[in-house]
Amino acid sequence: MKFHSAAVLMVLASVAAGVTPCALGQQAITPTREKEIDPQRAAQLSIEELMGMEVTSVAGVEQQVLTTPAAITVIDEDEVRRTGHRWVAEALRLAPGVYVGQSNTSSWSVGPRGFSGGLANKTLVLMDGRRVYDPIQAGTFWDVQDVLLEDLDRIEVIRGPGATLFGANAINGVINIVNKSTADTQGVFLEAGGGTFERGFGSVRYGGRINEKATYAVWAKYFNRAPLEAAGPLDSDSDFDLTHARFRTDIDAGDDLKLMFEADAYSSFGARAAARVPVRAPTATTERRIFENDVRGGHVLGRAERFTGDNEGWSVLAYYDRTERALTGSEAERDSAEIDARYHFMLGERHALATGIEYYFTTDRLVPGSSTLLTPGSPAADSMNTVSAFVQDTITLQEDRWFAMLGSKVEHNDLTGVEVQPSARLWWTPTDRETVWGAVSRAVRTPSRFEEHGFINFFFADPGVLAGGPPTGQIVPFGLSGNPNLDSEKALVYELGYRRRFSDRVTLDVATFLSQYDDLISIPTPAVGGSFNNNGEAEVYGGEVAVVWQAADNWRLRGAYSYAEVNVSGPVSLSDEGNTPHNMAQLQSFLDITENLELNAAAYFVDRVESQGASSYTRVDIGLTWRVTPNFDVSIWGQNLLEPRHNEFSSLQVERSAYVVATLRF
Amino acid sequence: MNLGNCRGLLLIGLCGIAAVLAVCPASAQQGSREAEQREAARVAAIKAGMVVNFLRYTTWPSGSFKDAEDRKAPIVVTLAGDTGFASALADAVRGVTIGGREIELRQVSYPTARRDETAPRQEDIDAYYASLRGSHAVFFGRSESTRVTESLRKLEGADVLTMSDLGGFAEAGGMLGMVVREKRVAIDANEDAVKATALKLSSRLLKLARIVRSPAREEDSRPRDDGGKEGSR
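So the protein sequences, as listed, match chains A and B.
Residues in the first sequence are numbered consecutively from 1, following this note's numbering.
Residues in the second sequence are numbered consecutively from 1, following this note's numbering.
None of these hints come from the bench; they were simulated from the model.
Do not rely on the hints blindly, as some may be mistaken.
The list that follows gives simulated cross-link-like pairs (lysine-lysine, DSSO-like), each with its CA atoms no further than 27 Å apart [to be verified]:
hint : chain 1 : residue 1 : chain 2 : residue 2
1    : A       : Lys258    : A       : Lys180
2    : B       : Lys207    : B       : Lys195
3    : A       : Lys213    : A       : Lys258
4    : B       : Lys195    : A       : Lys213
5    : B       : Lys200    : B       : Lys72
6    : B       : Lys200    : A       : Lys213
7    : B       : Lys207    : A       : Lys180
8    : A       : Lys180    : A       : Lys213
9    : B       : Lys66     : B       : Lys200
10   : B       : Lys66     : B       : Lys154
11   : B       : Lys195    : B       : Lys154
12   : B       : Lys207    : B       : Lys66
13   : B       : Lys207    : A       : Lys258
14   : A       : Lys213    : B       : Lys207
15   : B       : Lys154    : B       : Lys200
Between the sequences and the hints, there should be enough to build the whole structure, so can you do that?
Below, the structure written as structure tokens:
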């Protein structure tokens, strides 16, 4: 209960903070969304309004993406806002090639390039540099990856191995969620809304200035979501609510030194779900029980950095994160801490070096439920240390034309010992508007605590009775056990890509890949009585195409198509093959009907997911935003409009829905 | 895969391909230059708007304006050197009045050597500085970056509002500097420079600015002067 109280305290603190600015007499800059500005209009605006207008050329960020030798998509905050997504997991649909499937009201399967089943163990997810990938289950719990959308800066999605820079467990990709500095989130922000699925939500944020060097912001939010539709009498989902609060401060200490500190807490409790679990009885029986699934946690994070040139400088990041989760009768508490230091420097004219060392520590305590247990003899509490270092050299082979990057990450962890993840990339920029790139990388995924020590219990039974003879009097679990001798999964990934900016108005991005996986941690067939093993092998290949077109000054279009084929071999369960849809496509239209009226629309096509029996679907979302005054706007969104309901990654169904939201800024 | 969804996929695909084909032939060269120009125009407009606001929030001492019976004297703003947004400023001030006064823009540049001479004449230089001192406000453009410290010294004590978007302007003794920081145009204000004159800047403007101290001066920090008080010179 303590984190829940912490969350309440933070809500109260932020309300109190909201009242003090009047006392301090601090003038807040009015953030404004006006895009076009001419001198005559500018002369009529107030200083606060002028200071609130963004001036960095988007071309700056676009130029960086243009020359990056990796399949990267940067989803900016405007695209998230104009596609009506209220949760980070859903916003990831905007990245080409990333599969997002909702399995119940609080969980999603998310991942690029295959293996997105369940928690998707091959994609690393970071929030402002903090790992949110859970090493116990090997995957990301999306229910608590929540941000205040207003203060979100961008989401960077790298498809393909990010292993050199980001380490193990980034075989298929890296998702990096970046929030704005508090210098950009000044003033009061209020938002409230509700609808048929997103039943009710509200957020409040206050950002102020401590002195000329330091700014801060504090926010609190709450939302409640309805359950997904049950398809049959045995299904059930429950609603989900989350209370979340955060405090952050950014300090521009001068001389390019920047500091940041944040503290965060969240809590969700009382979500009920029904699940069929084994009963301790002589013959294999299961029963349906209702469980309360709670989750709460928080973190503190600090960062210092000083970058003085193009590739000169250092950064240090440190954080402590805690989660407590109760799920279907089992409980897990996890504490983790990390310290990450990086140093960038030039070696001569042609070598840009990036180096870093990192220490990651995580400790957990597991209380098994009836369907997830620990194998006999496994410790109920365990901890893991990982130390790693990386070096990456970006070499200018021929100025402005040919570049190469060679790098490797070397890691030592308690589970599998030393892992080496080298990567080589080569790219060619024939003009300043196009890039051709290729890469070969080796990447690794370490086994999860559950794959090592866990036990998936299918049923309890008396072994004598099961064999058809007299009962032994002992009731024993039968299921799939963990294997403490697992090796890491390995992947060798080949990639090729092309990016071109045709004019100021059109950009094209193409990426293709071939990944060969070895020692895949798999489930044997039959599963009962067996244990996780490294007998799986797989080959995944495909590609993504993305186009962005500024069709007119007030109309922007964005589209993408991706294909992925997964082939698993070995004496293992082939469920991974059926977890990934072959084809996906999307199209978004952002239209400014007038300066104060926006019409936004998005369509997504997702192919069938065989393992879930989900057929393909086309989703259409349409939203209208009216800027009533420069500080106040109202939006209405209709989502999943094409079909009344459809399956994504479970037998539960996502329904057609609508919501309204109003926001106020001053 | 039922036919409906196949159509959905094809439709999205065809739309996308059609879009690309439609605009492919467009000239690639113009591309990035257009974006840069648009961005520069935007920044120029914002800075021009800020200059107008600076004038609004400045109070000149009585006697600064020679008003005629029927007309109020204009506020004279001199642009020194190449500012990069002279035309934006001309657009911005058109028709604007502050306290009933119009804004008059003048453009001057540091004198160059006359024909057959190696350096500009002292009298030309003096005339240049005289024209700066005779204005109500001066905006220093980027061509003046090497001369800014010298010019500010020559203007010390004069009731002339000094502004610029050159880096380090406020630290060098300029009163109001515009700097792009965290993707926005921010204001640096050197209060010491203002207090050395009879000019008054509104507290509303100062609250939004980052207050800068000139490193060369050995001033002790004084409490911030709040707008309407009749401060000492």
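Here is how each hint holds up against the structure:
no., hint, in the structure
1, A:Lys258 to A:Lys180, "holds (14 Å)"
2, B:Lys207 to B:Lys195, "holds (16 Å)"
3, A:Lys213 to A:Lys258, "holds (10 Å)"
4, B:Lys195 to A:Lys213, "holds (23 Å)"
5, B:Lys200 to B:Lys72, "holds (20 Å)"
6, B:Lys200 to A:Lys213, "holds (25 Å)"
7, B:Lys207 to A:Lys180, "holds (23 Å)"
8, A:Lys180 to A:Lys213, "holds (16 Å)"
9, B:Lys66 to B:Lys200, "holds (19 Å)"
10, B:Lys66 to B:Lys154, "holds (23 Å)"
11, B:Lys195 to B:Lys154, "holds (16 Å)"
12, B:Lys207 to B:Lys66, "violated (31 Å)"
13, B:Lys207 to A:Lys258, "holds (22 Å)"
14, A:Lys213 to B:Lys207, "holds (13 Å)"
15, B:Lys154 to B:Lys200, "holds (20 Å)"
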